[in-house]
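These protein sequences, in sequence, are chains A and B. Each residue of the first sequence is one higher than the one before, counting from 1 in our numbering. Each residue of the second sequence is one higher than the one before, counting from 1 in our numbering.
Bear in mind the hints are in silico, worked out from the structure with no lab data behind them. By construction, the Cβ of each residue, glycine as well, lies at the ideal position given by its N, Cα and C atoms. Please note that a few of the clues may not be correct.
DEER-style ranges, computed between Cβ atoms [to be verified]:
#, chain 1, residue 1, chain 2, residue 2, range
1, A, Pro12, B, Ala32, 24 to 34 Å
2, A, Ala4, B, Ser65, 40 to 50 Å
3, A, Ala26, B, Leu37, 18 to 28 Å
4, A, Val30, B, Asp76, 35 to 45 Å
5, B, Asp76, A, Val39, 36 to 46 Å
6, A, Ala38, B, Lys235, 40 to 50 Å
A short, non-exhaustive set of chain B residues, derived as facing chain A with CB atoms under 7 Å [to be verified]:
#, residue
7, Leu46
8, Phe47
9, Trp50
10, Met193
11, Val195
12, Ile196
13, Ala223
14, Arg226
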Amino acid sequence: MYPALWRLLPGPRPVKALQCLILLLAVVAVCFVWLFPAVAPYMPFNDNTIAPGPQSPGPSQ
Amino acid sequence: MSDARAARGSPVRQRTAVRGENTGAPRRLLGAFGEVLITLGVLLLLFVAWQLWWTDVTANRDQTSTIQTLERDFADERQGGPAGKEPPATLKSVPFGKAFAIVRIPRFGAEFARPVLEGTDRGTLKKGVGHYQGTAMPGVVGNFSVAGHRTTYGRPFHNIDRLRKGDVIVVETKASYVVYVVDRHLLVTPYQMEVIAPVPQDPGAKPAAAWMTMTSCHPKFSATQRYVVFARLDKVIPRGDGLPASLMAAPSGAVA
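Take the sequences, apply the hints, and build the full model.
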């Protein structure tokens, strides 16, 4: 995968390296802006509200 | 195919081709598979960094700007806007998602200030502390209930477990500084709605006092339980009188 990418990129080594860096930053940006915010709601640590749920009404303490 | 590759390939690849006809393809496949796994691993680490660090960065920036807007808005009111002649009325209802108050907690640091927005859905809680719709407004009889992130998205209630009985919580609205004093805390399941009842933990009872309830997740990085803090109304200071500096003094053992 990565060797293929390296071969595909045009130019001498430094130019290839620069392109790789730009691609990497682009991937990170896509993740931070779109992918991760879309995935975050499925993570278990982002809930902090009290809501009616399967056990509702809960036992009084 | 291996001939063609050997013909134009580098010396390294020629050597692997010589070693055997069958090793080339599976080996490359396995290598690519390994690369995919490594990539997924790096992406997971990147996600952790985003969740634990970047969401704080962006949320803190957004919430600070919301606070500035609110402070400007509140100050305009005091100096006498269109309706500045008479004291601004107590809040009755606020549109969903709108920031309407600032919560200040000296225990969390002298500079600690977070916007309070109407509603407790995910999007709202990213922007600050969320007010449970239908619960009382600050300073009035009933239960002013709010939720805030314990971790991530600016984590306004990160140190909720450090609150002690007697700690001051100031809710600043357009009309006044509403001062609550922490009474007690509680760990509950996420479904125990009675903590935000008009009389906390006594659903159905008719409220006679003004309470504030704060909820956040517990333990940190988990959604198993909720950490709940109850505070009782101490006093309501009209905005014109100003907030006494002594009230905002950090209690001993404060976080910052």
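Hints, verified against the model:
The hinted window of 24 to 34 Å between Pro12/A and Ala32/B holds, with their beta carbons roughly 25 Å apart. For Ala4/A paired with Ser65/B, a C-beta distance near 45 Å keeps the hint of 40 to 50 Å intact. For Ala26/A and Leu37/B, the hinted distance range of 18 to 28 Å is satisfied, since their beta carbons lie about 22 Å from each other. At about 41 Å, the beta-carbon gap between Val30/A and Asp76/B stays in the expected band of 35 to 45 Å.
Checked against the given bound of 36 to 46 Å, the beta carbons of Asp76/B and Val39/A, roughly 41 Å apart, stay inside it. For the hinted restraint 40 to 50 Å between Ala38/A and Lys235/B, the CB-CB distance of approximately 45 Å keeps it satisfied. The interface hint given for Leu46/B is met, as the beta carbon of that residue sits about 6 Å from the closest beta carbon of chain A, less than 7 Å. Nearest Cβ of chain A to the Cβ of Phe47/B: about 6 Å, under the 7 Å cut. The hint holds.
Interface restraint check: Trp50/B against chain A, minimum CB-CB distance 5 Å, threshold 7 Å, status holds. Hint status for Met193/B: holds, given a least beta-carbon distance of 6 Å to chain A, under 7 Å. Restraint check, Val195/B versus chain A: the minimum CB separation of about 6 Å is within 7 Å; hint holds. At about 6 Å, the closest approach between the beta carbon of Ile196/B and any beta carbon in chain A falls short of 7 Å, and the interface hint on this residue holds.
Look at Ala223/B: its Cβ gets to within about 4 Å of chain A, closer than 7 Å, so that hint holds up. For the restraint placing Arg226/B at the interface with chain A, the shortest Cβ-Cβ distance is roughly 6 Å, inside the 7 Å limit, so the hint holds.
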